[in-house]
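Visitor: When you get a sec, could you build the whole thing from the sequences and use the hints?
Each chain, letter by letter, is given below.
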Amino acid sequence: MTAVRGLDLEVREGESVGLVGPSGSGKSTVVSLLLGLEHPDRGEVRFDGAPLTGRQQIRRARQAVQYIPQDPASSLDPRRTVERQLREPLRRFRVPGDHGRLVREALEQVDLGTEHLGRRAHELSGGQAQRVAIARALVTRPRLLLADEAVSGLDLPLRNQVLDLLKEQHVGRGLGLLFISHDLTAVRFLCDRALVLDHGQVVEQGPTIRLLERPSHPVTQELVDAVPRLPA
Amino acid sequence: MNPAPGRPGVAAPISRALAFLAVVVLIGALPWLSGNSPEYTVLRARYADRPATPEVLAQVRAELGLDRGPLAVFADWASGVLAGDFGTSWISDRPVLPGVLEALGVSLTLMGAALAVALFVAALACVPTVRAGLAGRPSRGPGAAAAALTALPEFLLAAGLLIVVAVWWGWLPPYGWSAPGHVVLPALALGLPAGGLIGRLLSTAVAGAFTEHWVHTWAVAGHSRARIALAALHRALTGVIGQIALVMVGLTGGAVPVEEVFAIPGLGRTLLGAAASQDLPVLQAGVLVLLVLAAAVGALAALIRRRLLGPAARTGDLPVPGPPVGPGRSWWVVPAVSGALLLALIVAGLFRDPYSSTHARLQPPSTALPLGADASGRDVLARVGHGALDTLGLALVVVAACLVIGLLIGLTGAWSTGPVEVTNAAPPIIAGILVVAMAGPSAAGAALAVTLVSWAPLAAHTAALVAEISARPYVRVLPLLGVGRGRILAGTVLPTLLPEVIRHAILRLPGTALAIAGLGFLGLGQQPPAPEWGLLLSEGINYVERAPWTVLGPAVALVLASVLAVSLSSADIARRSGPVPTPTPAGIG
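Top line first, the protein sequences correspond to chains U and Y. Under the working numbering, the first sequence has 151 at position 151, and the numbering climbs by one with no breaks. Under the working numbering, the second sequence has 127 at position 127, and the numbering climbs by one with no breaks.
Everything labelled a hint here was simulated from the structure, so no lab data went into it. It is possible that some hints are incorrect.
[Claimed, not checked] Listed below are several chain Y residues computed to face chain U (Cβ distance under 7 Å; list not exhaustive):
#1 F20
#2 L480
#3 L481
#4 G482
If you're wondering where the values come from, they're calculated on a predicted model, not measured in any experiment. All C-beta atoms, glycine included, are put in the ideal place defined by N, C-alpha and C.
Guide: Below, the structure written as C-alpha cells:
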C-alpha cells in the first residue's frame, strides 16, 4: 500500500509550514518519514542537505528536529518525575552544558516553575502535562519542531494556550515549525504557508491566507467549510 | 515504528522452525548426551555373563556407535528415521518401531475415551453459562470450587479412583487392558481434569460471546434460543480452540501416570520403562511420535479455527465483547481456606520427626499419631509436613528459575514464539522422562525437568506485555528522545512489566509443586527416604487396602495444593481480563 506519493516538501530554517488534510490523507506517514522512523520506498529525506540514512545522521537529525505528539500528556512516563524525563534526552543526545540549568530554562519557556520538577504525570493538571511534554521537546534546543495534531484532542482554552506557546517559540526564538493538523484556524494562526494533502498527494499549496480565502481544490474547500464560524 | 524487538512477520516462523529443529537434534543426540554410561546398561541387558571390564565396555560403546561424537550419533539416527528405521532396542535387540506403534494405538484409544469424558464434562460446565447468557444475565462461568475439584492432577485422581472404585467398591477391574471395562477408570482419571479445564476456558469464552452486540440484534430479529446458543458457542470456540488443543496435547503427559497406575501397555508406560532401563532408542522413537502427535493436534486446531472463523479470519472483522464480569466479592474464600488448611497441616507436621521408625508398622491413626504410621513405622503427619519443605521448596527454586528464563526469552518478542510453542507442547512428565534418561532420577533432575517446560507461560506473558507496553505513547516517543532500543527495554519496558510477571510466577507455585510431586510419584524425582509428597503417595499406595491412612495425608495435602492453584489462577484470570485502560491510539502513525 502506498500512503504518500510524489511529495516534495521543504522547510527552511526558522520557517513555519502547515501540513493539512483530512483523516487518512497520509499526514502521519509524512511525520514518520521525517523522523526517520520509516524509510521511503523511493526518494529521500534530507536534513541539512544530507540524506537521512545511517544511525549517526538520524541521531543528529533527531536532536535538531523534536517532536510533539498528538495528546502530548500521554507521552509522559507515569513512573518518572518531570526532571528525569526532561534530563533523559539531554543525556542520550550528550548535550554539553549544565543539564540542570537547561531543564529549568525549558520549564521556564513553557511557564512552569521548578516546583514541578519532582512531580509525576498524575500530579500534573492536563495543561501542565502538555507543557511538560513541550518543554521536553524544547530542552535539547532543537531547530525544528514537528507538531503532529498537537492540539486536536484539547479543550478550547488549553488549545489556545498551546498555540500561543508554539507561536512564541517560532516568532520569539526563531524556531522552525512543521505543524500537522486538520484544523485550519490553528494553521492560519501559526503558519505562513501550508500544503494540503489528500490520499498521499499534495493537492494544493501556497500562503495560508490564500488557501483559506480562495481555496481552489475541493479538499481544501471542504477543510475551509469545516471551520466553525460564529453567526454574523 | 515499534521499538519492540523482533518483527512478527519473519521472526515467528523462523523461531518455530529453529525450536522444532533444536528438539529433534536433542532427541537424536540423546544417547550421546546420556551421562549415565549406557554401555553398562546394555552390557547387563544383553551379555549378563561378560564382566564389566573397561575393554568390554569400550567394545559395547563402539557397537552402539557412541564413540563417534554427537553429530555422527545424530546423523545416523536422523538418516535412519528418514528411511523409516527407528533403530533396535538396546535391551531386547529387536526393532523399536512396531512396539512403539502398538503402544501408541493403546494410548490413542485411551486418549479418545478420555476426550469423550472431557467433552461431556466441559459441556456440563458450560450449561449454566449458556442459560445465564440466554437470560441476559452476566455470568462468571463455573464456580472456583467446582472448577478446582475437576482440576486435580491425573496421578492423584488415578490413584483415588483405583483405591475407591476398583479396590474398595470392587465395581471395575483395577489393572490391565483386555476388556472394555478396563477403559472406564483410566478414561475418567485422564478426562475429568482435562474436561474441567476445557469447561473453564470455554464457559469464560461463552460468557464473553454473550456480551457481544450481535446477540441482542439476533434476539430482536427473532432467532431461536437454540440458534443463538449455538452461535455463541461457535463464536467462543474460535478464541479458545488453541488452548483446547494444548489441553489435548497435555493428555499425552497425563497419560503416563494413568497408564502406570492402571498398568496399561500404552506409550506413556513404554516411555517410562525405557527411561528406567535406559533403552534410549525406544525413548527416542516414543518422544518423536509424541512430538508429531502434538504438532498434528496443533495443526488440526489451527485448521478448525480457520473453518470456524470463515472469512473473518482474513478480514479481521470480529465483534468486540463487552467488558467481562470481574471476580466475585468472595473470590478469596476458596484459596484462603485451602491455603490455611494446607499451612495448618504442614506446621503440625514440621515439629515431628519424619525419618525415625519408632512406631509400629502401619499403625492406625490415634491422638498421639494423628495420621498413623507408614510401612516403615514412620510418622505420616511428620512426613507430610517435612515433605512440604521438599516439594514447595523445590517448587520455589523452579519458579524463580522459570521467572528469569521466561523474562529473558519473553523480552525477545516474536522470536520467543517457537520455543514457547514447542515447550508448551511438552508436558513436565515427558521432560522428566528425558532428563531421567540422561541423568538418572533425582530431586535436581525433577526440578530441571519442570523448569524446562514451565517457563513458557511466563515467557508468553512477558512477550505479550512487551508488545502492549511498547505500544504506549510514552514508550513510542522514546526513540525520538535519543533513547536506544536496549535502554527502552531495560529501563522502561522491563520495570513496567516486572511486577505483573512476578505476581504470575508466584501464582504458579502450587501448580509447580504438583508437577514436582507428579514426577516423584512416578519415581522420576526425589528418591527414598525423602518425604516428598508424590513419593509418599506412591509408597503408600501399595498398602492402601490394609492402611488407607498412608495415602490419606499426602493425598489431602496434594488436593489442597491443587484447589489452591486452580482457585488462585481463576481469580487471576478474571481479574486480568477485567477492564484495563487501553493505550490511546495517539502518538505517531
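Visitor: Each hint should be assessed against the structure and marked as holding or not.
Guide: Going through the hints against the structure:
Interface hint at F20 of chain Y: violated, since its Cβ lies 33 Å from the closest Cβ of chain U, which is beyond the 7 Å cut-off. Among the interface hints, the one on L480 of chain Y holds; its C-beta lies about 5 Å from the nearest C-beta in chain U, closer than the 7 Å criterion. For L481 of chain Y, the interface hint holds, since its Cβ comes within 7 Å of a Cβ in chain U; the closest pair sits about 4 Å apart. This hint holds: G482 of chain Y has a C-beta 3 Å from the nearest C-beta of chain U, less than the 7 Å allowed.
The structure is inconsistent with hint 1 alone, although it conforms to all the rest.
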